[in-house]
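Chains A, B and C, in that order, give the protein sequences. Taken in order, the first sequence gives residues 1 to 231; the numbers are from our numbering. Taken in order, the second sequence gives residues 1 to 241; the numbers are from our numbering. Taken in order, the third sequence gives residues 1 to 270; the numbers are from our numbering.
Calculated from the structure, these hints are not laboratory results. This one's a predicted model, so the numbers in the text were calculated from it and none came from an experiment. Think of the CB as a built atom: it goes at the ideal place given N, C-alpha and C, for glycine as much as any other residue. Watch out, some of these pointers could steer you wrong.
[Claimed, not checked] Chain A stretches covered by chain B per the calculated footprint, using a threshold of three residues with CB under 8 Å from any CB of chain B:
#1 117-129
#2 221-231
[To be verified] Covered stretches of chain C, as calculated for chain A (at least 3 residues, CB under 8 Å):
#3 178-188
#4 200-209
Here is what each chain is made of, one letter per residue.
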Amino acid sequence: MSEAVSAALALLVGLDAKLIEIVLLSLRVSLSAVAIAALLGLPLGAAIAVGRLPGRKTLIVLLNALMGLPPVVVGLLVYLLLSRAGPLGALGILFTPSAMIVAQTILILPIMAALSRQAIEDAWREYEEQLRSLGAGRMNAALTLLWDTRFSLLTTILAGFGRAAAEVGAVMIVGGNIDGVTRVMTTTIALETSKGDLPLALGLGIILLAIVIAVNAAAYLTKELAQRRYG
Amino acid sequence: MSKASILPLRLAEVSFAAGGRTIIDRVSLEIETGPSTIILGANGAGKSVLMRLMHGLLGPSSGRIEWNAPERPGAPRKQAMVFQRPVMLRRSAQANVAYALKIAGIPEPQCRVLVCESLESVGLSHLARRSARVLSGGEQQRLALARAWALHPEVLFLDEPTASLDPSATREIESVIKAFDAAGTKVVMATHNLGQARRLGDEILFLDRGRLLERAPVGEFFSKPKSAQAAAFIKGELPWT
Amino acid sequence: MDMIRRLLLSIALIAALPAIAQEKFIVVASTTSTEQSGLFGYLLPVFQKETGIQVRVVALGTGQALDLARRGDADVVFVHARSAEEKFLAEGHGVRRFDVMYNDFVLIGPKADPAKISGGKDILEGLRKIKAAAAPFVSRGDRSGTHIAELDLWKLAGIDIAKEKGPWYRDTGQGMGPALNTAAAMNAYILADRGTWISFKNRGELAVAVEGDKRLFNQYGVMLVNPAKHPNVKKDLGQAFVNWVISPEGQKTIAEYKIGGEQLFFPNAK
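In isolation and in its complexed conformation, chain A is listed as follows (with noise of 0.2 Å):
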């Protein structure tokens, strides 16, 4: 364990210049799937908390499941669409971290709708009657519910964030773990474990686990502060 400290203090102080190429992917990869999958996602888990649509339930339900999709089974699916034997083969992205960026877009965006469901759902509850008073229609009220629930869906961000920095089945797949292309964190990790570097691939691990808690520990003081501010 010690060993696996010093390991990864001696490539942080080194500031090795693969360890940077390589972090600087992964978080390229997972902030851009988090910022597509929350485009996304975000505006849906809203339009299906608020809106009336037949098999409405069956949608949630599913949604919910979904949350839990192995990640190596979404790679193994992103991989046999962007195959070149596959249908969109023609794009030409496997390999490519725009193929990872899919994946984990893909892996993330349930998590995304159905967690900002649950939360605009539960502010539709306290703000239905007073929005329909107003006049607002049912595409105005998603818009202004998500707005006005904007720190609770910080936190379905992250989560969103945390499922993409941390999985490695996807992008192994879609990325093939090129050196220097496609190789990001947890495609190194798994490299190091498998060449027997135990304590290289263990200190990686402390630098990841170091990223996603600084990452949630801003995330929670946004949310604190706005808080203070907001009400």
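Fit chains B and C to the given chain A structure using the hints.
For chains B and C alone, kept in the frame of chain A given last:
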């Protein structure tokens, strides 16, 4: 924008049932412009449900509710409602008022003027930029009034607006309501508070267990109630003795 | 509707952020053992410097690497399982196969050596003794070149391993590194390529038991994926790589790659 008044509002044999219980029982009445109308009754009499039926938040189980000129969807609302507990958005006080105007499609420059006026009319100009949800109960309720008033509605429904407030806040709210009434808005208010009914009302609609039992000008109602239930209510006696 | 337009625009912007790489590149499907030996880290920069072509290696088991190429997702294959490669060629997925280099396999085992084979030079005898002693043996079980070589050796030793295996034979379905980890944890025997073994750090109680037998010879081949079957293959760039790897210069660079002073791969292109 249609110039016809939305009043009078006519309810014809309106009933409302939920969960197997009849909450409103064949109520027929007309709300006309002019005197402020108080809907009076004990807790559980159905005042809130009746208010929501009139405002359009609930649909009747049977009977008809008709305004003189129906509101067109998308057009600025001509009736507004203030609830017992104010629901404020997570934004500044002035943004909350502006929200109502934006929904109505009022253009930006006009918005600013109307917001200022509204906040002024309820004495909240100094709190315009404060976050609405950190205001006190009384301030939030005044803000709700400002928001309801911003579009200068023809009818203002108020569902027990001071039930959750302390006496000084209650006084403030009542003076604002009186001012709106004086400005020409039709006030329809539900309350179980006898003193408030006397202070603010011109006419009383007495509701008992979902039925409209009496309708009379305020003085007449309190001095010569026609039904036993009204008499008991005024004297503060328990309705089941 | 304006909302939706704005939404789509934002998504397009985010997804388009990674600008299309201006550099030329090819995708080479190879094996995990080759990559983990570190050869590519040494070889490819030389190639890129000379030709400006970036080589992106996707490392899988031999079986998976060939399957990847069958789907058209690679431009070149660089693996080490002759029979599987010939089959690939016969199916029309490859253009032509070239020998590139060889390395060797070593039989690794616990220092305690329950099968009493340490120091031996006969791999078939070693395998027979392991079966006789029912000593724990870890197999890769993943259709990799190493796995295929292992199965061939059992056959040569006169053992039908599929029928005759017992609980001592652990079929793990893992790459070389993880399989070595498993063997170290279980104190088991395992067939490994020398390259991975040399760079493997988690040895536990393991050491080389049998080496040097000619039958442990592991031949590598390179093939351009057939552009007639897969039109998207970058045939000029891919061919440039194939040509370089079997050229005197490429072969010299392969021979120069050493770990701890030891040469790992022996070029033998004809």
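Results of checking the hints against the structure:
no.: 1; hint: 117-129; result: holds (count 3)
no.: 2; hint: 221-231; result: holds (count 3)
no.: 3; hint: 178-188; result: holds (count 4)
no.: 4; hint: 200-209; result: holds (count 4)
Figure legend: structure checked against the earlier numbered hints; every hint is met.
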